[in-house]
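Student: Here is what each chain is made of, one letter per residue.
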Amino acid sequence: MQWVASGFLFVRGHTIYHRLDPRVRLAISLSIFSVSLVSESILLVSVLIALTLGIVSIARIIRRFAKSMVFTAIVSLIAFGLNYFFNPGNPHQAVVFGVRLFAVISSTSLFFLTTTPDELEQVMKWLRLPADFITIFVIAIRFVPVLMMDALQIMDAQRSRGLEFDRGNFIRRLRNTIPILVPLIAVALNRSLDLAEAMDSRAYGATKRPTSLYKLSLGTGDYVVLILNALGLTIGIYLSVFVSIF
Amino acid sequence: MALRNINLEINRSELVTILGANGAGKSTLVRHMNGLLKPTHGKVTIFGEDTRSITAAKLSRQVGIVFQNPNNQLFAQTVMKEIEFGLKNFGFQDSVVKQRVKWAMDTFSLAEYADRSPIDLSGGEKKRLCIALVLAWDPSVLILDEPTVGQDSEQKEKLAAIIRHILTQKKNVIVVTHDVEFVWPLQPRTILMSNSMIVADGPAQQVLGNPEIVETSNVLVPQLVDFSIKRGWINDFPPTPEAAERRIRV
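Sequence lines, in order, name chains R and Y.
Here the first sequence stands for residues 1 to 246, numbered as in this note's numbering.
Here the second sequence stands for residues 1001 to 1250, numbered as in this note's numbering.
These are computed hints drawn from the structure, not numbers from a lab.
Just so it is clear, CB atoms sit at the ideal spot from N, CA and C, and this is done for glycine as well.
Quick list of the computed label-pair ranges, beta carbon to beta carbon:
#1 130/R with 1165/Y: 50 to 60 Å
#2 144/R with 1052/Y: 28 to 38 Å
#3 201/R with 1157/Y: 31 to 41 Å
#4 189/R with 1157/Y: 27 to 37 Å
#5 58/R with 1164/Y: 55 to 65 Å
#6 50/R with 1012/Y: 53 to 63 Å
#7 1106/Y with 66/R: 44 to 54 Å
#8 1106/Y with 213/R: 51 to 61 Å
#9 1223/Y with 169/R: 51 to 61 Å
#10 1181/Y with 169/R: 46 to 56 Å
#11 75/R with 1111/Y: 44 to 54 Å
Sequences and hints are given; from them, build the entire structure.
Tutor: So this is what it looks like as structure tokens:
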């Protein structure tokens, strides 16, 4: 469990992929996401997964990516199983559903694992989203790994009080989550109150349009990658809509 | 964090302190002692039992840990129910549960809060409750993980008194801390950790009385040791300010 949770902790990278403008990284992830969603081809979606894994390798986040995708792999298998169970005459569709889900989530994971909360904030500002919405979103993203680590510590504390999470029937197991959820919610609420006070004391909300220390700017490399990405997206959509491949 | 080259044996009824800077591996080490973490290499045995062959929940009956942050443990509606929780998990009979809850609340001056929500207690009271709820099931070993964090001097004195009281019951107490001033008057066996390794292990006088060893672990020498060295007292450092005062008068 701790192994999986550590995959969601942000680690700042310094690879060629991390050096791309975050908007370019967003464009790449959105392209993989869109083509995976439109395509009905197992081959094409598999190629997109391979492309994602290639980028993951370039960005040197293989272990963290693997950790963050453990549950997705399980859910993808369940999605395949359910589709196959309810529609046994069309195994192709079931496989497409499973790999598509994996491709869509892995492209999203790729973006979030290579983008700092600060960069995410810059991208959202560039998209002209409301300032409060951006703050809420970035804080939520920033605190996901913190809450996961809190949950693990609480689980350790309750196991040390003799609580066995995997013992008993479904109702008992459900009840066993109360000693985790109550402290977790209490800790999260306390932290949110502390954070709100800290933000107030640093004049959050004093101006409608706060300035930024960092500005996003596209370099030559970014433009090259954007053109290649646009080309890839066009080919992907074309193959998905107009060409029938397995 | 992976521990390296750890070879440690703790005897019964021993007071041990594990000292080291943040990230030295102290908390990781004690999490091995009640099976929350299992070794990938080597072996951890508690009262002769390999921790890999028993669950943390079962091992905790013998080895109770009081975690650093009380807020990570408290969830019940009342203080009384909070203490009951562990006892019920370990399968104590109802009559024994009642008896143990009463004992824990009386011993730790929590009886007046019996029906209050644990979340409403002060920091010091929460800490006392966390120790009480572990001692309620009478473990043979009590581990206190950073017990002095966020505690004022009065609370620290109470905590030291509680530790002395527990030691009279022939139990093991293991205190994980970076607060040398808190443990120095207790004169425990001192284990110094740095970079996931044990760098010194011995009586407090020997380990904490050696500034060279202490400073390699990014821990400060106790003020009384520093004071004694400046006065030219090389051995037998006074454990308390009162002992130092007596020596000055002599």
